[in-house]
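Undergrad: Here is what each chain is made of, one letter per residue.
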Amino acid sequence: MAGLIESYVRDLKRDLHFDPALAERIAGEVESHLWEAAEAEPGYPSADAERRAIERFGVAREIASRFAADAMARQSRRTWIALLVTTGVTFIAMRLRVLWLGETGDTLSTLLPVIDRYGFVAAIATGMVGWFAFRRSFFPLAICLSALVASITAGIVRAGLFADGAPLHVLLTAAGEIALAGVLAFHVCTLGRGLWRTALLRRIGQ
Amino acid sequence: MLGMEAEMLKGHLDAIVLAALESGPAHGYAIIEAIKSRSGDTFDLAEGTVYPALHRLEEAGLLSSSWVTPPGGRKRRMYSLTRKGTGALAERRRSWGRFSQAVSHLLGGGRTWPA
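Taken in sequence, the protein lines are chains W and E.
Quick note, the first sequence lines up with residues 0 to 205 if you use numbering that gives the first Met the number 0.
Quick note, the second sequence lines up with residues 0 to 114 if you use numbering that gives the first Met the number 0.
Just so you know, these hints were derived from the structure itself, not from any lab.
Where is the CB? At the ideal position from N, CA and C, for every residue including glycine.
A hint or two may mislead.
Under 8 Å between C-beta atoms, here's a sample of chain E residues computed to sit facing chain W [as the list claims (entries may be wrong)]:
#1 28
#2 47
#3 50
Quick partial rundown of chain E residues pointing at chain W, CB under 10 Å, derived from the structure [stated by the list, open to error]:
#4 10
#5 21
#6 27
#7 32
#8 51
#9 55
#10 66
#11 71
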């Protein structure tokens with residue numbers, strides 16, 4: 000049967016599963032710490048000495064939730080950077096499309112240019128509100144992503160890019176914005192999952 | 000530890016950890032013992048709370064760490080201040096000095112602040 004320290008370390012490792020490398024490293028450190036603390040307790044070796052060392056260390060879920068909160072702060076920064084880069088590239092791609100369309104004219108309906116333009120404007124507006132008021136929140140980033148995807152899709156369909164033989168620089172920037180939208184979607188999903196997990200760890204740890 | 004002291008400690012934990020490492024490299028358990036001892040056991044914090052702080056400081060480049068196994072001993076992760084960490088500690092000390100002086104004036108009812 001596993002001792003108290005082994006069980007505690009196993010629980011902590013399970014709660015840190017969102018980052019396997021971190022879980023492995025922290026588990027090793029914590030185990031070493033707990034054995035050292037238990038050895039300093041009167042009556043060691045005994046289950047009581049191990050229990051007292053664990054009590055002083057704190058609840059595993061609370062420790063894990065602090066690591067998760069730090070990981071989310073880092074993920075939030077990465078997601079905002081991804082949003083900034085995606086927005087910049089989308090703007091450039093839009094301008095190049097508009098310049099090109101100025102020569103050839105729209106190929107499809109009048110609705111698509113509206114979605115293309117106002118989807119981008121909505122992404123910028125939501126991004127600015129989110130950055131100043133809800134920087135750690137998932138929803139402004141998710142709304143920005145949706146608006147950008149709508150704008151990019153409308154822009155590409157509008158221009159009939161891949162059918163009408165657009166020039167290379169227009170195609171390349173369009174490919175860049177699609178790829179970056181994918182990267183942004185990945186970061187937004189990772190942030191959403193992480194925030195949900197952190198909230199869950201905090202609720203269970205209370 | 001009183002609730003208010005616990006909250007105050009949380010806000011300054013990173014600086015306290017940096018200060019505990021000023022005298023030389025140490026592992027997590029030794030850092031906690033140093034904090035307890037230097038605070039006269041006033042700051043008897045949950046020991047596990049130090050590890051997220053250590054990891055955060057290392058991510059910020061203020062600490063470096065490596066596994067060390069002393070002869071016949073247990074494997075430990077040793078932390079030490081980086082050059083950036085030494086600078087950050089000095090800056091936090093200056094900032095704390097200004098802050099504590101201002102609060103002392105406000106609470107002590109002595110001279111006006113700012114002087």
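Undergrad: Does each hint hold? Answer for all of them.
TA: Hint check:
no., hint, verdict
1, 28, "holds (5 Å)"
2, 47, "holds (4 Å)"
3, 50, "holds (6 Å)"
4, 10, "violated (14 Å)"
5, 21, "violated (21 Å)"
6, 27, "holds (5 Å)"
7, 32, "holds (9 Å)"
8, 51, "holds (4 Å)"
9, 55, "holds (5 Å)"
10, 66, "holds (8 Å)"
11, 71, "violated (14 Å)"
Violation of the numbered hints given earlier is confined to hints 4, 5, 11; the remaining hints are satisfied by the structure.
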